[in-house]
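J.: Following the hints, complete the assembly by docking chain H onto the known chain B.
Single-letter residue listing:
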Amino acid sequence: MTAELPKPDYARNMRILGHCDQGGRPDGVQIMVHRGHAYVGHMFSKGFSVIDVRNAKHPRAVNYLAAPPNTWNIHLQTHDDLLLVVNAKDMFAAAEFADEKAYYKGQLGNVVGTAERTSAARDWTAGLAVYDISKPATPQRIGCWLMTSGTPGLSAAGGLPNDIAGQAELAWQNVMNLLAKGRHGCGRYC
Amino acid sequence: MAAADIVKVTQYLTRAEDIQGYAAVRARFLGDNRPASTLLVIPQLVWPEILVEVEIVAAKAL
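Those sequence lines, one after another, are chains B and H. Quick note: the first sequence uses my numbering, first residue 1, plus one each step. Quick note: the second sequence uses my numbering, first residue 1, plus one each step.
By construction, these hints were calculated from the structure, which means they are not laboratory data. Fair warning: this is a prediction, and the values are worked out from it, not measured in the lab. Each statement offered as a hint is correct.
Below, in silico cross-link-like pairs of lysine-lysine (PhoX-like), each with a Cα-Cα straight-line distance of 25 Å or less:
1. 57(B) - 135(B)
2. 89(B) - 101(B)
3. 135(B) - 60(H)
4. 60(H) - 8(H)
5. 89(B) - 8(H)
6. 57(B) - 7(B)
7. 89(B) - 105(B)
8. 60(H) - 89(B)
Pair ranges (Cβ atoms, derived):
9. 2(H) - 35(B): 34 to 42 Å
10. 62(B) - 41(H): 48 to 56 Å
11. 48(H) - 97(B): 29 to 37 Å
12. 16(B) - 38(H): 48 to 56 Å
13. 16(H) - 92(B): 39 to 47 Å
Ideal placement from N, C-alpha and C gives every residue a C-beta, glycine not left out.
So here's chain B without its partners, still in its complex pose (with noise of 0.2 Å):
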């Protein structure tokens, strides 16, 4: 498999040792190693990858870990047992980033719409999920923590009351419908 791949251009003093295609997802961008096992966050791929990299001369991928819907995991970290991934917005699979190019130009708050006026409905799923990896081939969800981006007291078409009482109905009824259902009224948190 090494003498396939290209020569580096400008690596010195290095070796490639293995490869792995990542399980058929070549995307990888974050990356932690625990107990002998590669974790890795996918861009276009969603979700992550658990690679066995015990013998770094035959890597290979043992488990993937789909994301929510349109939610990527690209930054994840390990602490001990613990697994930590963070979801966030898949901004490639957003339609405002149809054109890639559109991800590096103006106010990134008002191209998501994360600016707007409006608390309309998310369709990526926010927030830390926690995995167990003391078996480290089979990662178990074992908790989430699940963070608002602020909850201005405003309803679901726009409108705001203009007295505090009305302001703070409608702040905390957002809070607790958050709780209830989950980003995508499933349920689901993260």
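T.: Frame of chain B, contents of chain H only:
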């Protein structure tokens, strides 16, 4: 999740005289739950007519 899973609340008001009215609404939603809480009175939120913004952090073991 539910109110019992909220671990931290951060609240922003733009008028100190609204604290009492805001707290009455919050108490109704939180019930007997007492998450960590920070309340700030700030000059303005993103639009001047917005009087309150609430952020929460909630956690739940699965």
